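These protein sequence lines are chains A and B, in that order.
Going by this note's numbering, the residue at position 284 of the first sequence is 284; the numbering climbs one at a time, nothing skipped.
Going by this note's numbering, the residue at position 240 of the second sequence is 569; the numbering climbs one at a time, nothing skipped.
In short, the hints are calculated from the structure, not lab data.
Since this is a predicted model, take the numbers as computed values, not measurements.
Be a bit skeptical, because a hint or two may be false.
Once the Cα atoms are required to be at most 25 Å apart in a straight line, the calculated BS3-like pairs of lysine-lysine come out as [as the list claims (entries may be wrong)]:
#  : chain 1 : residue 1 : chain 2 : residue 2
1  : B       : 653       : B       : 467
2  : A       : 286       : A       : 206
3  : B       : 389       : B       : 367
4  : A       : 303       : A       : 60
5  : A       : 311       : B       : 441
6  : B       : 480       : B       : 623
7  : B       : 558       : B       : 615
8  : B       : 441       : B       : 367
9  : A       : 206       : A       : 110
10 : A       : 324       : A       : 197
11 : B       : 439       : B       : 558
12 : B       : 640       : A       : 60
13 : B       : 367       : B       : 526
14 : B       : 467       : B       : 558
15 : B       : 640       : A       : 140
16 : B       : 640       : B       : 526
17 : A       : 60        : B       : 389
18 : B       : 623       : B       : 558
19 : B       : 469       : B       : 489
20 : B       : 653       : B       : 640
21 : A       : 138       : B       : 441
22 : B       : 439       : A       : 311
23 : B       : 626       : A       : 311
24 : A       : 160       : A       : 38
25 : A       : 60        : A       : 197
26 : A       : 311       : B       : 526
27 : A       : 324       : B       : 439
28 : A       : 324       : B       : 640
If you want the footprint, here are the derived chain B segments under chain A, 3+ residues with CB under 8 Å [unchecked claim]:
#  : segment
29 : 384-394
30 : 413-425
31 : 526-535
32 : 627-637
33 : 649-655
In this text, a Cβ means the ideal position worked out from N, Cα and C, and glycines have one as well.
Number of protein chains: 2
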Amino acid sequence: MGLGSYTTLAQDTATKTAAANQVSFRLPPEAPAPDDNKPTADRTALGKMLFFDPRLSGSKWISCASCHNPSLGWSDGLPTGVGDGMRALGRKTPSIVNSGFNSLHMWDGKVKSLEEQAWGPMLASAEMHGTQDQILVKLKSMPGYVTAFEKAYPGEGINKETVGKAIAGFERTVVSRDSPFDHWAEGDESAVTPSVKRGFALFTGKANCVACHQGGNFTDQGFHNLGLKGNADPGRFAIVPVRVALGAFKTPTLRDVALTAPYMHNGSYLTLEEVVDHYDRGGDDKENLDPNLKPLKLTDQEKRDLVEFMKSLTGTQMTITLPKLPQSL
Amino acid sequence: MGLGSYTTLAQDTATKTAAANQVSFRLPPEAPAPDDNKPTADRTALGKMLFFDPRLSGSKWISCASCHNPSLGWSDGLPTGVGDGMRALGRKTPSIVNSGFNSLHMWDGKVKSLEEQAWGPMLASAEMHGTQDQILVKLKSMPGYVTAFEKAYPGEGINKETVGKAIAGFERTVVSRDSPFDHWAEGDESAVTPSVKRGFALFTGKANCVACHQGGNFTDQGFHNLGLKGNADPGRFAIVPVRVALGAFKTPTLRDVALTAPYMHNGSYLTLEEVVDHYDRGGDDKENLDPNLKPLKLTDQEKRDLVEFMKSLTGTQMTITLPKLPQSL
Numbered sequence: 001m002g003l004g005s006y007t008t009l010a011q012d013t014a015t016k017t018a019a020a021n022q023v024s025f026r027l028p029p030e031a032p033a034p035d036d037n038k039p040t041a042d043r044t045a046l047g048k049m050l051f052f053d054p055r056l057s058g059s060k061w062i063s064c065a066s067c068h069n070p071s072l073g074w075s076d077g078l079p080t081g082v083g084d085g086m087r088a089l090g091r092k093t094p095s096i097v098n099s100g101f102n103s104l105h106m107w108d109g110k111v112k113s114l115e116e117q118a119w120g121p122m123l124a125s126a127e128m129h130g131t132q133d134q135i136l137v138k139l140k141s142m143p144g145y146v147t148a149f150e151k152a153y154p155g156e157g158i159n160k161e162t163v164g165k166a167i168a169g170f171e172r173t174v175v176s177r178d179s180p181f182d183h184w185a186e187g188d189e190s191a192v193t194p195s196v197k198r199g200f201a202l203f204t205g206k207a208n209c210v211a212c213h214q215g216g217n218f219t220d221q222g223f224h225n226l227g228l229k230g231n232a233d234p235g236r237f238a239i240v241p242v243r244v245a246l247g248a249f250k251t252p253t254l255r256d257v258a259l260t261a262p263y264m265h266n267g268s269y270l271t272l273e274e275v276v277d278h279y280d281r282g283g284d285d286k287e288n289l290d291p292n293l294k295p296l297k298l299t300d301q302e303k304r305d306l307v308e309f310m311k312s313l314t315g316t317q318m319t320i321t322l323p324k325l326p327q328s329l
Numbered sequence: 330m331g332l333g334s335y336t337t338l339a340q341d342t343a344t345k346t347a348a349a350n351q352v353s354f355r356l357p358p359e360a361p362a363p364d365d366n367k368p369t370a371d372r373t374a375l376g377k378m379l380f381f382d383p384r385l386s387g388s389k390w391i392s393c394a395s396c397h398n399p400s401l402g403w404s405d406g407l408p409t410g411v412g413d414g415m416r417a418l419g420r421k422t423p424s425i426v427n428s429g430f431n432s433l434h435m436w437d438g439k440v441k442s443l444e445e446q447a448w449g450p451m452l453a454s455a456e457m458h459g460t461q462d463q464i465l466v467k468l469k470s471m472p473g474y475v476t477a478f479e480k481a482y483p484g485e486g487i488n489k490e491t492v493g494k495a496i497a498g499f500e501r502t503v504v505s506r507d508s509p510f511d512h513w514a515e516g517d518e519s520a521v522t523p524s525v526k527r528g529f530a531l532f533t534g535k536a537n538c539v540a541c542h543q544g545g546n547f548t549d550q551g552f553h554n555l556g557l558k559g560n561a562d563p564g565r566f567a568i569v570p571v572r573v574a575l576g577a578f579k580t581p582t583l584r585d586v587a588l589t590a591p592y593m594h595n596g597s598y599l600t601l602e603e604v605v606d607h608y609d610r611g612g613d614d615k616e617n618l619d620p621n622l623k624p625l626k627l628t629d630q631e632k633r634d635l636v637e638f639m640k641s642l643t644g645t646q647m648t649i650t651l652p653k654l655p656q657s658l
């Protein structure tokens, strides 16, 4: 589907009432899971253990949760991530919130399933710097993990597939929903302020944010070059070498966006206000800019309304209890 | 009190029944807190936020909980700690479990209150590498923290004292108790195995572990040179330059000891079995060795019994829910 049809949707959406919009912006009841990895309590519990276990890294000190910190919106609050040896990485740590609803993973979309994605940071030498053999041997050496895998995936053992499945399964439970916006969309007119309502009208109308941030998870699952000043990262182009993909990055969800500053793939904006200003300018670097970006000429009040709308997408925060980890022998 | 009297206690203890021993080995109902920092729910909640907030470090990536990981016995499972830039530190990360019962803090006892201790790792350039000014400015910039401090310490503001108090207050809630050993000491003969009971008799008798690991928290709060092979760390001597303090380190609690491998101030033993073997040999490096250490000539069964006894000191594990952290502006 090209940008034209999103624009049509946006213009159409702007004329609907909030109640009608629940059709477009309602998150499905759960993140879709593959047939061989349907969620169970045992699988989620195992995946959570793995997610919080620093022993899966080469240093034994970095866990998935070190960077995808539940207390910081499942990201890290930094412009760009931190990896092994605490060296800065090139891109902002994406929140894993609602990643179960994505069809492609990572900023450049190079990974097609969460099961596969889970291994990426564990094995990347710049990130957790583990090796698959070491990780599997380590897990098999701990009776607590042997038992947990057997309960979660009976007869499958501890292997590349079951480790990826367990972590992916846990990630699919990390969902942001039940935001003030959702309550409004479901008919509670008092759930949000007039500013939020004006912001939503701008979002789906004049500002046309919905061209990319659309659907229940507020993303088109696509890749766009937003004209960020001085960006030298090829982004999606490294995966799909066509001109339109140069400097293009995945549209992130806007759910819980108020919790995940700084913003953009390189963390170059500290606040949502700065992000709105960027779009209001129609981006900075015009070369290969997504054709949908044009100067918006928003008023200060309109900018504030857009920010208020984005803040209304902060969902009910999950209560995360730290897992007990199996003992090393 | 010198070692002589501990020996007397130990010999005396060995003849008592388990029920009688509850007097000596019962943990007080709560860790003692200074008059100006008595625990309240608001104080504990604030201290927990600070404990889990990586933004208190210079890198904004390391929190107290990065090394004092609740999922790993409030330590990190590593032989020696990891600090800023992921450089290895010189000593094992001590568990903070039951640190509220200690009168001196750090392996060398250089700090006299938990309130003061809380700042140590935050400001150490090799550890969290923060500065007090940066930390206080950062906390004051976040409305969520301003409110939380006002609730916890009304009228006191955000300053060196209240930050230390809040973290110390949270640490005092990190307590290990209600272990199988405690249940046995309280009269439940079925709470532990015969091996544990034999181990306790050895602990307080032939092996004389109780010379140092005594009282409700299984520590004499003293410093001892255990004759670890090749140890070049002066330990307590750097604080109190007397010969007996050379290479001496604080006696750690044994509560939850099964959860905090590796062992000793330098993490040189991977298992409790190796620790027991060390004491059975009477230590390795005899220079300046604590006079209480002598070869024990334990049988294999006796060694197993001592390990089983130590495992019986694993308390009921606290359920730790991750705090929501205030947003940066």
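Open item on the list: So, against the hints stated earlier in the document, which numbers end up violated here?
Closed with: Structure breaks hints 3, 4, 5, 6, 9, 10, 13, 14, 20, 21, 22, 23, 25, 26, 27, 31, 32.
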